Amino acid sequence: MDLFGKDLICTQEWSREELMAVLDLAAKMKRDRFSDRYAHLLKNKTFFMFFYNPSVRTRQSFECAATELGGHAQFLEPKAMRLKTATTAGETIEDAAQVMSRYAAGLGIRILEDKVPYYGAGDELIREYAYWCSIPVISMAHDKFHPCQGLADLMGWAEWFGKGPGYPIDPSVLEGKKLLVTWGHGALARSWCSVQEALLIGSRFGMDVVLAHPEGYTLDPQVIEWTRQNCAANGRTFEETTEVRKGYEGAHVVYSRHWMSPQAYQDGEFLKQQEIEKALQYPEWICDADKMALTDNAIFTHPMPIDRGHEVTDEVASGPRSCIYDVAENRLHVQKAIMALTMA
Amino acid sequence: MDLFGKDLICTQEWSREELMAVLDLAAKMKRDRFSDRYAHLLKNKTFFMFFYNPSVRTRQSFECAATELGGHAQFLEPKAMRLKTATTAGETIEDAAQVMSRYAAGLGIRILEDKVPYYGAGDELIREYAYWCSIPVISMAHDKFHPCQGLADLMGWAEWFGKGPGYPIDPSVLEGKKLLVTWGHGALARSWCSVQEALLIGSRFGMDVVLAHPEGYTLDPQVIEWTRQNCAANGRTFEETTEVRKGYEGAHVVYSRHWMSPQAYQDGEFLKQQEIEKALQYPEWICDADKMALTDNAIFTHPMPIDRGHEVTDEVASGPRSCIYDVAENRLHVQKAIMALTMA
Amino acid sequence: MDLFGKDLICTQEWSREELMAVLDLAAKMKRDRFSDRYAHLLKNKTFFMFFYNPSVRTRQSFECAATELGGHAQFLEPKAMRLKTATTAGETIEDAAQVMSRYAAGLGIRILEDKVPYYGAGDELIREYAYWCSIPVISMAHDKFHPCQGLADLMGWAEWFGKGPGYPIDPSVLEGKKLLVTWGHGALARSWCSVQEALLIGSRFGMDVVLAHPEGYTLDPQVIEWTRQNCAANGRTFEETTEVRKGYEGAHVVYSRHWMSPQAYQDGEFLKQQEIEKALQYPEWICDADKMALTDNAIFTHPMPIDRGHEVTDEVASGPRSCIYDVAENRLHVQKAIMALTMA
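Those protein sequences? They're chains A, B and C, same order as listed. According to the numbering used here, the first sequence is numbered sequentially starting from 25. According to the numbering used here, the second sequence is numbered sequentially starting from 25. According to the numbering used here, the third sequence is numbered sequentially starting from 25.
Treat the hints with care, as some may be off.
Identical chains blur together in the list; that is why a pair holds if it fits in one copy or across any two.
As the list claims (entries may be wrong) - Here are the simulated lysine-lysine pairs, DSBU-like style, with alpha carbons at most 30 Å apart:
no., residue 1, residue 2
1, Lys103, Lys139
2, Lys302, Lys270
3, Lys139, Lys270
4, Lys302, Lys67
5, Lys30, Lys67
6, Lys302, Lys139
7, Lys52, Lys187
8, Lys30, Lys270
9, Lys103, Lys52
10, Lys296, Lys103
11, Lys30, Lys103
12, Lys52, Lys67
13, Lys30, Lys139
14, Lys139, Lys296
Rather than coming from a laboratory, the hints here were simulated on the basis of the structure. As the structure is a prediction and not an experimental result, all values here were calculated from the model.
Model the full structure from these sequences, guided by the hints.
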C-alpha cells in the first residue's frame, strides 16, 4: 500500500486498510512520541495550512505535528491572498495550487460553512485545490467532512474499549458497539463536518449507529445513505430518530454536539443568528447524567471545543467516562501519521 | 534543584537559588549561543505563545529562543479561540488548558491592562491557566508582573557592574548599589508589570531601591510591601518619593519609564485617553543628562520599547552608559534558560 | 568574494560576480534540494520577515527557504509594533533595528506603494533599517525594487534558453536575446518593483531590452537611465515605446504585467481606485497568442500572481512556452542562496 501523495478529504474515500495504516502508525507514534524514527520524517519540509476559518485547536495540532516530524507548518490566511472571485481580480486556484506544489510537501485547508455561499461549496473548493496540486491536500475540517477528527475519534474509542493508549489499535473491539450521535442545543451554529465524519467512520468499523436530532435537523442525505450502506455491509443497524432519549438506551459511545439546520443558508448567506435562536428552543437536547444512565456505561465523546451547559453538562464532560482529552490528543498522533504516510 | 514543570508568573515566587540557576544558564547560553549543548534541548517540541496583547519584541525573543533550542514557538492569538465568557458561549479554560497540555512543552501568556476589566484580572487569568495546565505556564508580561524582563534587567545590570557579557553572572556586584525606578511622562499609558518586576528583583538581590513618581502614581501596594521586605531582609533601604530629582542622587542604575495611574480603570473600562492626557502634564519627569549628572555615574536601563523624548532624552538613551540593547538581548538568553530548565 | 552581512535592496548595487554567486548556488540547491550540505546552514537561526504589506507568495517562499536551510523565518507584521511616526509616540527604527540585530541572522522587509505617502518612501525606510541593522537587510519587494524576483526571473530564463533546470546557470545564453517588458491593463494598480528589477537584471546580463507601455505609464527615470547604461555597457540596445505590438517583434522573452502610472500619488495618498479605472481603458494591452506570434518563439514570463484576462490570456499563461511556475519556484532557490551567502 502506497499512500504517498494521496489526498484526504473524507475517510469514506479511503479503504479500511488505508485507514488502518494511519491508525497503526498513529498508535506507534503515540507510544514513542519523540523517537528518532519519526523525528526527521519531514526534516526541512514545509506543510502549508490554509485557514479560511480561524482555529486554535486545529492549528495547534497540525503545527505541532509538523514540528514533531522535524518539519514546519506555515500558518496562512487566504484573506492575505488576492484570489480571483466572480467579482474581483486576483490569482486563480490553478496558479496558486501549482506554485504551492513547488514549495511544500503538503497542503491543509480549513473552510467552514460561514465562509461559503452554500453547503458543499467548501468541499468543491478543496477539491479544486486537490485537482491542481501535485502535493497531497488534507482537509483540516471543511463544510462537509473532517477526516482527521473522525480518525482521532475512532482511535480514542478503540483505546477506551481496548487495552488503552500505547497499545496497537484493534478496531474490532468496536464491532457491535452502539454509537449514538445526538444533536445538542447551543449557541454556536456549528458545522456538520465532525458529526458526519463520525457517522461514516463509526459505521465503517462495525458499530451500530443511531442518529438523533429534533425535527428539522437532519444531515446531508448522501452521508446518511453512506452510513446506512456501511452498516449494512457490516451486518449492523442504522437508525435515525427525533426522540431525545431513545438513542441513549444501551449505547456504548455517546457523541453529543450541536449542528446547524439544513435551512442555515438563504440566498448565499449563512444565517448564523437565526440558527442560534432556533437551536436554543430545545433545552432538553443536552447530554446529562440522567440520560447517560440509560446507556451501557457509555463513554462520552466530543470533537471539542465543547459548549458546556448546552451540548453536555459539566458532570458528564468532566466525568470519569469522558474521553474528550484523549480524542483531542489523538488529533496530533493521527495527523502526524497522515503527514508521514502521504508526504514523507 | 528541579525546575521541570514549574510555572514562572512572578520572580518573587521563585527562590534566589532558582533565579540564580536561570541566570547561570543564561550566561552560559549567551557565551556559547549556538553550541550543540543547547541546540537540541527542545528538539521537535512546541512552546505555545498566547498573545492576548500583540507584541513584537516579546514574540521575537520567545520565538527565537525556541528556535535556538531546536524547538518551535507557535504564535497564537486567543481572539481566534471561541473562549467562554460571562456573556458568550465558547470553550472553558479548563478544557483549553488540558488539551494544550497534551500538545506542547510549555505555554506562554501575555495579557496586559487594556485587555482586562480591572488591575489583577490578567494575573487571575494566567493563574487559572496554570491551575489546569500540566505543562509550565510562563508569563510573557501580564498586568502585574513580567518575570522574564526582571531577570533580563538583573542580568544586564550585573554584566555592567561585573566583568561584562560572557562571564558568569555574579549578582553580588549589585549589593549596595542604588536602583532608582522613576516614572516618566509620556503618551502610552503603560503597564505596571515591568517596573514592578524591577522593584522586586532589584530588592531581592541586595540593591537599595528608590521609587519616584508624581503624586497619584503609586504602584500595587502588595508589590511595594514585598520590595520593602526584600530590602529589609538584605539590610538595604527602600524609599518612595514624589520629588523628581532626589532619587537620582548617588544612583547607580536609573530606570525611567512611564506607567498608568491607579485610577486607570473605571467600571471595567481602561481609560487610556484620560491616562495619556493626565501623564502629559508632567514634562519635568524625563530622564535627561542634567538629572543623570546627579548620579554616581549611573547606567540607564529600560525594558523597551522606549518612548524617546518623553521617558528619556536621546542623549541618555543612546549614550555610553545606556544598557538598553544589552538588556533587550538578555531577554533571549534568559528565556532560553527558563525554557530549558522548566521544559527540557 | 565575501557576501556575509551584505544587504540586498536592488540587484544594480551588486556586482555581476556577486549576482552569479547567488545563481550558481541557487542552481546547486535546486538540484540537490534537501542535501545535507544545505540542510543546516541556518540551523537554530532566525530570519525576521517584516510584512508592511501582506503577501502569500513571498511569505511562502521565504519561510520555506529558512526551513530548508534548517532555520526559522518569523512572520511579523509591523502594525503590531508601536513605531514612532510624525504624529504618534512609539519606538524608533534606530531602536527596533538594533534590538533585532541581537536576535536574528537577517531581516526581510516588504513595503509597497500603498503603504507609503510617495514613491520612494519605502526604499528610504528599508535603507534606514539597513543603516541601523548589523545584520543583512533583504528586500522582499518594496516600492522601487524586488531583487529576489529579478534573480528568479533571470534564473528561469537562463534555464529555458540553456540546458534546463538542474544544470549550472550560464547567463551567456541570454546575451543578445530580446526582452520585452510590456505594460498590461488590469484592475490591481500594481507596483513598479518587479518590472524595474527585470529591466535592470536583463540589461545587466546582455539582453536587448524594449519597454512598452501606453502614453503616461513610464517608470522611474533613474531605473530607465540605469537600464540604458547597462545595455550600452554590453553593446546592446534599449528602446522605450508606446506602441502595443512593436516590441513583440523578434522578442525572446515577453514579460507582460500591469503597473501604476506616475500620477498614482496625490498629497501623500495612493489613488488606487483612480489608477484602476484609468488602466481599464486600455484593453488592447494584453499579451495574447496573436501578439506572441510576432515573436521569435518567445517564452512568457511573469512574477505572479497573474491577473489572467487582463495582463495575459489563459492560452498564453497556461501554454507550452510559459515559464511562470519555474520562475516562481526559483524564488525559493534564489532566496535560499541569498540567505546562505549573506547570513550563514
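Which numbered hints fail: 3, 4, 8, 9
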